[in-house]
Each structure stands twice: as structure tokens, then as C-alpha cells.
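Peer 1: Now for the letters of each chain:
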Amino acid sequence: MPFELGAITFGEITSDLTTGVTPSPQQRMAETLEQAVVADEVGLDVFGVGEHHRSDFIASAPHMILSAAAALTRAIRLTSSVTVLGSEDPVRVFQNFSTLDLVSNGRAEMIAGRGSYSESFPLFGYELDDYADLFREKLDALLAIRASNPAQWAGSAHTNDLRRVDIAPRPVRDLPVWVGVGGSPASAVSTGRLGLPMALALLLGPVDQHLRTVAMYRQAASEAGHDSQHTPISINTHGYVGSSSQQARDVMFPYFRIGMRENNHQRGTGFDIPRRAFDAQASEHGGLLVGSSQEIIDKLMTYHELYGVTRAVIQMGFGGVPQKEHLASIERLGTEVAPVVRAEVARREQVAA
Amino acid sequence: MSRALEVVVVNGSPNERSKTGGLADLVTATLADLLPIEVHHVGVHRLGASFTGAVQREDVDAAVEAEIGAVETADVLVAATPVYRASYSGMFKHFFDLVDQYALANKPVILVATGGSDRHALVIEHELRPLFAFFQAATIPVGFYANAGDFDGTTVLNNEVYSRIEMGLHDVLPALIRATEERPDADPDLRDQHGAAT
Chain G
1 MPFELGAITF
11 GEITSDLTTG
21 VTPSPQQRMA
31 ETLEQAVVAD
41 EVGLDVFGVG
51 EHHRSDFIAS
61 APHMILSAAA
71 ALTRAIRLTS
81 SVTVLGSEDP
91 VRVFQNFSTL
101 DLVSNGRAEM
111 IAGRGSYSES
121 FPLFGYELDD
131 YADLFREKLD
141 ALLAIRASNP
151 AQWAGSAHTN
161 DLRRVDIAPR
171 PVRDLPVWVG
181 VGGSPASAVS
191 TGRLGLPMAL
201 ALLLGPVDQH
211 LRTVAMYRQA
221 ASEAGHDSQH
231 TPISINTHGY
241 VGSSSQQARD
251 VMFPYFRIGM
261 RENNHQRGTG
271 FDIPRRAFDA
281 QASEHGGLLV
291 GSSQEIIDKL
301 MTYHELYGVT
311 RAVIQMGFGG
321 VPQKEHLASI
331 ERLGTEVAPV
341 VRAEVARREQ
351 VAA
Chain H
1 MSRALEVVVV
11 NGSPNERSKT
21 GGLADLVTAT
31 LADLLPIEVH
41 HVGVHRLGAS
51 FTGAVQREDV
61 DAAVEAEIGA
71 VETADVLVAA
81 TPVYRASYSG
91 MFKHFFDLVD
101 QYALANKPVI
111 LVATGGSDRH
121 ALVIEHELRP
131 LFAFFQAATI
141 PVGFYANAGD
151 FDGTTVLNNE
161 VYSRIEMGLH
171 DVLPALIRAT
181 EERPDADPDL
191 RDQHGAAT
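In order, the protein sequence lines correspond to chains G and H. Numbering-wise (the numbering used here), the first sequence opens with residue 1 and increments by one. Numbering-wise (the numbering used here), the second sequence opens with residue 1 and increments by one.
Just to be clear, a hint being listed does not mean it is correct.
A partial selection of chain G residues facing chain H, derived with a Cβ cut-off under 8 Å [what the hints assert, rightly or not]:
1) 204
2) 205
3) 206
4) 266
5) 267
6) 271
7) 273
8) 276
9) 277
10) 280
11) 283
12) 285
13) 286
Cβ pair distances, simulated, as ranges [to be verified]:
14) 17/H <-> 156/G: 52 to 58 Å
15) 350/G <-> 33/H: 46 to 52 Å
16) 127/G <-> 4/H: 52 to 58 Å
Hint data in this document are derived by calculation from the structure and do not stem from the laboratory. All of these numbers come straight from a predicted model, not from anything done at the bench. Beta carbons are placed, not taken as given, at the ideal position from N, Cα and C, and that holds for glycine.
Let's have the full structure, built from the sequences with the hints guiding it.
Peer 2: Shown next as C-alpha cells:
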């Protein structure tokens with residue numbers, strides 16, 4: 001399996017760290033599309049947009065943004081990262097991504113996720129208490145819709161009977177549906193059982209923290225009769241590819257600290273991640289993909305060895321990294337990192353075969 | 001003129017390079033970012049036969065006596081131990097059995113522990129804190145715990161541990177800064193006044 005590299009964004013609207021100016025949604029949309037164009041030009045394999053329903057993000061409808069990106073790009077695959085499936089209508093999700101697939105000539109993908117933010121549940125009238133059930137049932141429904149039209153789906157607590165309805169348009173090819181897993185053993189097992197590719201999110205922590213998650217995923221896949229060695233796994237993490245080891249850390253840290261405030265609570269409020277903690281995450285055994293091109297190559301090879309991942313998707317603009325630096329990182333990932341990692345993984349697979 | 005605080009780390013781990021030492025080093029490094037300190041380390045498993053065979057304080061040799069003395073006169077004590085058989089290691093307790101009963105009274109003590117999993121995290125509250133409550137020490141409110149999975153070697157890779165240390169140290173920072181401005185050893189006037197009053 002060729003190794004794939006990609007860039008993702010959440011389309012955050014964050015005030016500029018030095019000027020304090022908050023970019024307009026229009027400006028961020030233009031910048032997001034420019035990121036997709038550059039990612040395509042430098043030969044990256046995937047561009048992803050994550051779904052967030054808040055005023056400090058522009059991407060509540062990733063398929064719309066990806067559709068615009070499709071018109072501006074040539075070969076890059078376009079994915080949601082993630083689609084918060086539990087608060088969506090699986091019929092509409094399928095229609096949206098089938099449409100994207102037609103617009104992009106077969107480049108659409110999605111990562112179905114439970115979502116790490118919960119705003120969409122009350123927004124669309126769902127109970128957060130049903131979070132797990134909603135996701136499970138809608139994923140099953142989506143897979144049934146993908147498998148045939150009409151779908152062999154009788155409906156259940158949160159979905160309708162679809163056996164006598166026509167769901168169109170149909171995509172160019174089978175729409176790839178990945179499942180976003182944050183590390184909970186239960187989601188890894190259920191994803192493995194379905195034989196679906198797993199998009200493994202690693203926010204912070206040791207690079208090998210998901211060994212058990214991946215083992216459980218593969219075991220569940222193989223017990224359910226899937227070819228567990230060839231079910232793709234991707235690693236989705238934060239990072240920045242810099243001109244040097246130090247430059248990468250210095251550029252990424254101030255923005256990452258801002259972005260992380262909301263995810264790094266102490267006593268109920270956001271707390272700045274200390275630089276020392278960040279540097280530990282950037283070290284050889286930490287999860288962050290930040291550093292020089294060579295450091296990123298080395299850590300991607302570590303991820304490949306540890307988990308057998310064949311795709312790495314990196315969020316390089318988190319916390320409002322200025323566009324210029326963000327694009328520079330996308331470019332280095334495509335031109336300096338990707339060719340080496342693809343060749344090295346291919347060489348190792350040839351040796352193993 | 002402020003002075004550097006004498007910080008003494010007592011490490012209850014038997015290992016030369018220990019996770020407990022790694023976590024304690026993270027605490028002292030974070031503290032060093034905030035105020036001037038000098039750090040001294042006491043590894044209770046490396047104090048030798050006069051210590052391990054001591055039934056009472058008089059049995060230890062001069063080197064060990066100096067280490068116990070350093071703990072007693074420290075400005076700040078970092079009490080760090082791995083969880084061993086559901087508590088601090090025996091050697092760690094043996095060390096504090098030899099420390100003078102009143103030497104730690106009102107002394108800032110930072111509690112640090114490591115364990116095989118988070119199931120042991122309350123060892124700080126249920127084992128370490130009562131020990132220093134006996135000494136009437138001023139244990140800081142937040143204890144610092146990390147499990148084996150939080151480490152690469154002796155480097156902590158759990159972001160929350162870093163944030164917790166920053167938060168816990170900031171709780172007591174004003175008092176520690178005040179301590180750097182006092183010179184108890186160079187304040188004979190104050191001592192004389194107390195002496196005269198009694």
C-alpha cells in the first residue's frame with residue numbers, strides 16, 4: 001500500500017498573535033482554499049476539512065468547502081476530517097459526498113467521527129446522551145446506503161426505513177468511509193469489526209500510546225473475517241514542518257498553545273501548555289509531528305513501524321498559524337517529506353514481500 | 001536582596017535513573033523557571049549500610065547525617081517516591097523515621113509519586129500527606145503523580161502532568177517568593193528579640 005500524506009484544517013478564525021486582528025470568515029475561506037491548492041500542487045495525497053459549528057470556525061459544512069477545493073485542484077483527494085455523523089442525516093451525508101465525488105471526479109472521502117466538540121447535537125435537535133447510539137446506528141445506515149440503492153436498511157430508533165426510497169446521486173466509485181477513533185478501545189473494536197479504515201487521532205502523548213488500540217482494531221477486524229493486515233490505518237495529528245528543528249518548534253508553539261487552551265483544562269478553565277511540555281511532545285518519543293523535514297520523516301517512519309499506518313494527515317495551522325507559515329509547512333511536507341517517506345515505505349514493503 | 005531557595009529532593013526509588021526522579025526533576029525545573037533555587041538530591045537507596053542498618057539517628061555515618069541535616073534545614077522539600085507495595089518505599093519511610101520530629105514543621109513540602117497505573121494516584125493523599133501531616137509540614141495542596149505510561153524513559157510525555165505542576169506551584173509561589181526575601185540565618189536581631197521575649 002503506497003504511503004499517503006495529507007494536510008487538514010478546521011478552518012479556525014483566530015486573532016493574529018502579533019497584530020490582534022481577527023481575520024474575516026471570507027479571508028479564512030480564501031486561505032483554506034489556497035491551502036488545498038498548494039497541497040495539491042506539492043503532490044500531497046489528501047486534504048481534509050473538519051466540521052465545527054461555532055463562530056470561531058468557518059467549516060460547519062466541510063463538503064461545501066471541499067467542493068470548491070475540487071474545482072481548484074487536480075489530483076488530491078478531499079475528505080471531511082471529521083463528519084460528525086451522530087448529529088447528521090446519513091442520507092444527506094451520502095448525497096453531499098456523492099455530489100462531491102462527482103464534482104471532483106472520484107476524489108471524495110469522509111472520516112465519520114463521533115466528534116470531539118458537541119455543539120452540533122443541540123443545534124440539530126439531538127440529545128448528547130444518545131451520542132454513542134446515534135453514531136453507531138447512523139454509521140450502519142450510511143454503510144447500507146453506500147452498499148446499494150435502494151438501501152437494505154429497515155430503520156431504527158434514530159433513522160428511517162430506507163428500503164423503498166431512491167437515494168441519489170451515486171458516486172463515481174465506492175465512497176471511502178473512514179472512522180475517526182480517538183483511542184477508546186470500544187470504537188477501535190467496533191471499527192475493526194466493520195472492516196472500515198481507521199483514522200487514529202493522536203493529540204498529545206507518547207508516540208506509542210495507541211499500540212493497544214491498534215491491536216484491538218486488527219484483532220476485531222480479523223475475527224470478523226476482514227483482511228486485518230490490509231485494512232488501512234491513518235494517523236491524524238498536529239504538527240509543523242519547519243526549515244529547521246528549532247524554527248519548526250518556535251513557529252508552531254505560540255499558536256498551538258492558543259489552540260490547546262480549550263483542550264487543556266485545569267480547574268475548569270483553559271490552561272497554557274508549558275513550552276517544556278510542548279518540547280517533550282516534539283521529541284523523538286512524543287506524538288507531535290513538529291520539526292525539520294528529517295525529523296518528520298523519522299517520526300512518520302516510527303508511526304509506520306509501530307502501527308502499520310499507511311497514511312498520515314497532519315494539522316499544521318492549528319491555533320491560527322499565519323497563512324504564509326502554514327503554506328510553507330504544507331509545501332515542505334509535499335516536497336521534502338512525502339517523497340522520502342513514500343520511497344522508504346515502498347522499499348521496506350518490497351523487502352518484506 | 002533575594003537569595004536562592006535550598007530545595008532538597010528525597011527520592012524513594014531504588015533505580016539509578018528513575019521515573020520518580022524524572023518527575024521530581026520536572027517539578028524542580030518548573031520551579032527554577034519561577035524563582036532562584038539550588039537543588040540537592042538525596043537517594044535513600046544509595047545511603048549505604050550505616051543508613052540501612054540504623055536503628056536510631058546516632059547509628060548513621062557523617063555523610064548520611066549531613067543528608068538528613070540537609071532535609072531538615074531545606075527551604076523546600078520535594079518528597080518523591082514510587083508506589084511500592086501500595087505505599088512509599090520502605091527505605092523512604094526509614095529515612096523519615098530518622099528525621100527530627102519537629103524539623104519539618106511548617107516547611108513547604110511538595111508531594112511527588114509515580115506508579116504503574118493511575119489506580120495508585122491517591123497514594124499522595126492517603127500515604128504521603130499523612131506522613132508529612134505528622135511532621136506538621138506545609139504540604140502544598142496539589143500533589144504530582146504520573147503513571148509509567150506517561151513516560152519515555154524518565155521524560156514525562158503526559159501534557160496534563162506539566163500543566164498540573166505549573167498550576168500547583170503557582171498556588172504557593174507568593175509564599176515561596178517571600179521566603180527568598182527572608183534570610184533566617186542572617187537575621188540575628190529577629191532571633192534575639194524572640195530570645196528576649198521568652
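Peer 1: Any hints this thing doesn't respect? Which numbers, in order?
Peer 2: Of the numbered hints, all hold.
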